[in-house]
Amino acid sequence: AQRVTQPEKLLSVFKGAPVELKCNYSYSGSPELFWYVQYSRQRLQLLLRHISRESIKGFTADLNKGETSFHLKKPFAQEEDSAMYYCALSPQRYTGNQFYFGTGTSLTVIP
Amino acid sequence: GAGVSQSPRYKVAKRGQDVALRCDPISGHVSLFWYQQALGQGPEFLTYFQNEAQLDKSGLPSDRFFAERPEGSVSTLKIQRTQQEDSAVYLCASSLVLGSGGEQFFGPGTRLTVL
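As given, the protein sequences belong to chains A and B, one line each in that order. Residues in the first sequence are numbered consecutively from 1, following our numbering. Residues in the second sequence are numbered consecutively from 1, following our numbering.
Some clues are possibly wrong.
[Said to hold, decoys possible] Selected chain A positions facing chain B (in silico; Cβ < 10 Å):
| # | residue |
| --- | --- |
| 1 | Phe-34 |
| 2 | Arg-49 |
| 3 | Gln-98 |
| 4 | Phe-101 |
| 5 | Val-109 |
To be clear, the hints were calculated from the coordinates, so they are not data collected in a lab. No residue lacks a Cβ here, since even glycine has one placed at the ideal position from N, Cα and C.
Please model the entire structure based on the sequences and the hints provided.
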């Protein structure tokens with residue numbers, strides 16, 4: 001069963017434009033949601049997590065339990081934001097052992 | 001102060017061969033995860049270790065896949081009698097906290113190609 005869905009495989013925006021990367025999840029209980037990013041020729045790394053409620057590199061993500069979504073947003077895209085973005089889910093915040101990634105969205109910011 | 005390392009970085013195997021992939025996690029990290037990432041897909045969870053204990057192996061695709069972490073640090077993922085569908089990048093990640101709720105630090109991956 002697909003637990004994390006990222007509907008867009010590719011997304012292109014112009015520099016300075018707002019960007020939103022969509023993520024929907026299907027899991028009951030209290031999952032914890034994450035965004036991981038992979039820049040060109042670099043390792044996968046954590047961008048942000050919903051319990052932190054912080055903005056990283058200008059990105060924010062709000063967990064909407066009603067819509068089961070965790071979309072990633074940035075008001076003004078920069079060229080250095082071009083990367084592969086993965087939404088991910090941990091089933092249980094404190095006791096989960098499994099971890100599920102979406103299929104990823106490749107973001108290109110056009111100069 | 002190095003991060004997670006994996007070896008080899010690339011492995012080419014003939015169908016039917018056995019392979020062993022190594023992961024060196026960050027020192028002191030209790031949690032260790034293995035993932036399989038096929039081309040164009042996100043990483044798929046394979047197994048989870050808490051120190052030396054393999055607490056979850058629900059993601060291992062068949063009994064040809066075996067993972068161990070005997071001393072709670074280095075881990076090895078072994079694939080017996082490799083098949084073409086095993087071709088993928090295998091990622092290892094470690095975390096300071098118990099379970100999957102913490103930040104995971106990823107290695108560079110091992111790209112396995114089965115001919």
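Violated hints - listed by number, lowest first: 5
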